[in-house]
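Protein chains in written order, with our numbering: chain A, 1 to 70; chain B, 1 to 251.
Bear in mind the hints are in silico, worked out from the structure with no lab data behind them.
Some hints here could point you the wrong way.
Distance windows between CB atoms, simulated [as the list claims (entries may be wrong)]:
| id | chain 1 | residue 1 | chain 2 | residue 2 | range |
| --- | --- | --- | --- | --- | --- |
| 1 | A | Val-5 | B | Glu-39 | 19 to 29 Å |
| 2 | B | Ala-105 | A | Glu-45 | 54 to 64 Å |
| 3 | A | Asn-9 | B | Thr-247 | 49 to 59 Å |
| 4 | A | Leu-50 | B | Tyr-155 | 20 to 30 Å |
| 5 | A | Asp-7 | B | Ile-201 | 15 to 25 Å |
| 6 | A | Leu-50 | B | Ala-105 | 40 to 50 Å |
| 7 | B | Pro-70 | A | Asp-7 | 31 to 41 Å |
| 8 | B | Thr-222 | A | Asn-9 | 16 to 26 Å |
| 9 | B | Arg-187 | A | Asn-9 | 45 to 55 Å |
| 10 | A | Glu-45 | B | Pro-148 | 47 to 57 Å |
| 11 | B | Met-1 | A | Asn-9 | 22 to 32 Å |
| 12 | A | Gly-70 | B | Thr-146 | 46 to 56 Å |
Note that beta-carbon positions come from the ideal geometry of N, C-alpha and C, so glycine has one too.
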Amino acid sequence: MSHIVIDENRCKACYLCIRECPKNLIRVSDKTNSLGNRTVEFCDEKKECLGCAMCATRCPDLAITEVYRG
Amino acid sequence: MATQVFKIPETFRKDFKYTFCPGCDHGVAIRLVAEVLEELGLRENAIVAASIGCSVTIYDFLNIDALEAPHGRAMAEATGIKRARPDKFVFTYQGDGDFASIGLAESLHAALRGEKISAICINNTTFGMTGGQLGPTTMVGQVTTTSPTGRNLEYYGYPIKIAEHIALCEGTAFSARVSLDSVANIRKAKQAIKKAFEVQIHGLGLGFVEILSSCPTNWKMTPAQAHERVRNEMCNIFKPGIYKDVTEGLK
Chain A
1 MSHIVIDENR CKACYLCIRE CPKNLIRVSD KTNSLGNRTV EFCDEKKECL
51 GCAMCATRCP DLAITEVYRG
Chain B
1 MATQVFKIPE TFRKDFKYTF CPGCDHGVAI RLVAEVLEEL GLRENAIVAA
51 SIGCSVTIYD FLNIDALEAP HGRAMAEATG IKRARPDKFV FTYQGDGDFA
101 SIGLAESLHA ALRGEKISAI CINNTTFGMT GGQLGPTTMV GQVTTTSPTG
151 RNLEYYGYPI KIAEHIALCE GTAFSARVSL DSVANIRKAK QAIKKAFEVQ
201 IHGLGLGFVE ILSSCPTNWK MTPAQAHERV RNEMCNIFKP GIYKDVTEGL
251 K
């Protein structure tokens, strides 16, 4: 099952990943991390993630630490 | 079973944390460097000559040997390292203010001498670390803290096109300009960095890559708007492409 792993404490809330996801599976969460940023969260209830890694390629802070495909 | 298609390169230090502003493309550029170092098996053998500016922090994040250079002198220092230790892989990681302003003489002469080193220059059209002053690559009309009415052509002249200048030097083996404004361009940037590293391994001459990057904080834009600017304004003036490649046609 394709999915991503987000390290919330690296997220600086630039939200570039939200624009990159072709399936719109990343959204702003209600949580605040240790840096004081509203982090993003991965929400894939219908198992739509393609494992394309575009979000991880774009993330400037390597907050999306792992991507799995298949 | 799911296969892992992305992970943080092992070259990064354990528990590193980027100190860049939100949306800064330095993070992407350093990751690409780390990935290429691993793919070419250079991690244990690499020495980076660090510059002054936001780019200096590369040695805080990558677990490779590094030496700090005085402002602008990274290419001169890299020359010394490579000549003393030709068995090592030597590269510089600089910003446009370091590479093309105070360090232009060192950079151009290293290219003219055909030093067998690699250089990466991040071009964000401003001096990022010191607060967004006018730099050598600031576009005509661009507002900075020291040009509040925009870069005036009569007073400041034209911005320098680094990749073209380096390509004119006969000692250069590879010179390219890439952009980090989209995922497709990030992948192209990685290919260019790989090529710039490979020409050093084969002893062909200087490998150079200029990377168009955004600076959302000093441009006073959101990260997404900053990438729009890179795409719509910077790419028109600083055209991405390969300007010199001596390996073309060779097998």
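Each hint, compared with the structure:
1. A:Val-5 with B:Glu-39: 19 to 29 Å: For Glu-39 of chain B against Val-5 of chain A, whose Cβ atoms are near 22 Å apart, the range 19 to 29 Å holds.
2. B:Ala-105 with A:Glu-45: 54 to 64 Å: 59 Å, holds
3. A:Asn-9 with B:Thr-247: 49 to 59 Å: 43 Å, violated
4. A:Leu-50 with B:Tyr-155: 20 to 30 Å: With a Cβ separation near 51 Å, Leu-50 of chain A and Tyr-155 of chain B fall outside 20 to 30 Å, so the hint is violated.
5. A:Asp-7 with B:Ile-201: 15 to 25 Å: 33 Å Cβ-Cβ, so the 15 to 25 Å window is violated.
6. A:Leu-50 with B:Ala-105: 40 to 50 Å: Distance hint for Leu-50 of chain A, Ala-105 of chain B holds at roughly 49 Å.
7. B:Pro-70 with A:Asp-7: 31 to 41 Å: 36 Å, holds
8. B:Thr-222 with A:Asn-9: 16 to 26 Å: 22 Å, holds
9. B:Arg-187 with A:Asn-9: 45 to 55 Å: 27 Å, violated
10. A:Glu-45 with B:Pro-148: 47 to 57 Å: Given a distance of about 50 Å, which is inside 47 to 57 Å, the answer is holds.
11. B:Met-1 with A:Asn-9: 22 to 32 Å: 29 Å, holds
12. A:Gly-70 with B:Thr-146: 46 to 56 Å: 52 Å, holds
In terms of the numbered hints stated before, the structure departs from hints 3, 4, 5, 9, listed from lowest to highest.
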